[in-house]
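> Sequence:
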Amino acid sequence: MRSLDCRTAFVSDVHLGTRDCRADYLLDFLQRLDCERLVLVGDIFDLWAMRRRVFWTTAQAAVLEHVLALADRGIDVVYIPGNHDEALRSLVGSEIRGVRILRDLEHRTADGRRFLVSHGDQFDAEVRHSRLQHLMGDLGYQVLLRLGRWVDRFRRLLRLPYWSLSAWAKTRVGRARDYIGRFEAAASRVARDRGFDGHIVGHIHKAGIHSRDGVLYCNTGDWVEHCTALIEDHGGFLHLVHWSDHVRLDASDTVQTACDSQLPPLPPELAWLGALPDPVTQRP
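If you count by the numbering used here, then the sequence shown holds residues 1 to 284, one letter each, in order.
Since the hints were made in silico from the structure, they are not lab data.
Keep in mind that this is a model prediction, so the values were computed, not measured.
The reader is advised that the hints may include incorrect statements.
[Unchecked claim] With beta-carbon atoms standing in for the labels, derived distance ranges:
| hint | residue 1 | residue 2 | range |
| --- | --- | --- | --- |
| 1 | 112 | 74 | 21 to 27 Å |
| 2 | 112 | 19 | 39 to 45 Å |
| 3 | 192 | 103 | 18 to 24 Å |
| 4 | 214 | 242 | 26 to 32 Å |
| 5 | 58 | 189 | 38 to 44 Å |
| 6 | 5 | 182 | 32 to 38 Å |
Ideal Cβ positions, reconstructed from N, Cα and C, are used throughout, including at glycine.
With these hints in hand, go ahead and build the complete structure from the sequences.
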């Protein structure tokens with residue numbers, strides 16, 4: 001596939017520092033990306049998981065280096081922290097190596113439309129099920145991710161295209177579909193009430209674009225299950241790219257290394273994270 005020429009790219013829910021991050025696909029995407037603005041819409045790092053265990057790969061290090069290189073080249077890189085990297089919210093309003101850290105963003109497309117951009121975790125208290133149901137759902141999700149690793153290895157050995165077990169399961173569970181519907185309604189309502197033409201979010205690992213309640217709801221998806229990004233072309237048109245549909249990686253394409261201890265040493269690229277405050281009590 002040739003370079004991806006666009007005005008703006010929106011990426012979220014990468015979960016760097018974890019085993020399930022599909023940094024290999026994201027790195028290929030970034031290397032082909034030619035844009036004016038890159039918006040990182042939260043959960044780029046998974047600081048919750050990294051406090052327990054750091055899983056850091058050569059591909060993940062290369063992703064971080066490439067994002068910083070884009071900022072060095074003068075591309076407008078905006079980082080909107082999510083709930084899994086919420087410690088970075090203490091840095092809102094600052095700039096690190098050319099990357100602007102914001103709580104949310106008002107983005108104006110090339111055709112003049114105004115979009116609110118936020119991670120989306122602010123809607124959790126409004127749309128989630130009971131805490132017990134959430135914990136049970138999270139446990140099931142983690143099991144599916146573990147099983148999915150083996151499925152992915154097997155499919156790569158057979159040179160089959162990427163397929164996510166956990167993403168497939170979400171479409172079969174009624175409670176998950178209900179949660180997604182309530183989330184979309186909440187995000188759309190906020191955009192409409194604040195006078196925006198649409199709302200760009202991440203958080204729920206379910207990419208999508210559709211009109212709802214008079215505004216355009218856009219979800220960037222994730223780089224754990226779906227490998228998706230939201231793209232604005234030079235005319236202002238918004239669309240999703242499913243990068244795993246464009247790229248087929250072999251089992252040997254990514255060399256992985258892991259750190260594991262009670263207080264795992266941070267890789268040199270992440271030394272600055274050690275100065276961040278501990279995350280607040282984890283919430284769904």
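> Does each hint hold? Answer for all of them.
These are the hints, each one checked on the structure:
no.	hint	result
1	112 - 74: 21 to 27 Å	holds (24 Å)
2	112 - 19: 39 to 45 Å	holds (43 Å)
3	192 - 103: 18 to 24 Å	holds (20 Å)
4	214 - 242: 26 to 32 Å	holds (27 Å)
5	58 - 189: 38 to 44 Å	holds (43 Å)
6	5 - 182: 32 to 38 Å	holds (36 Å)
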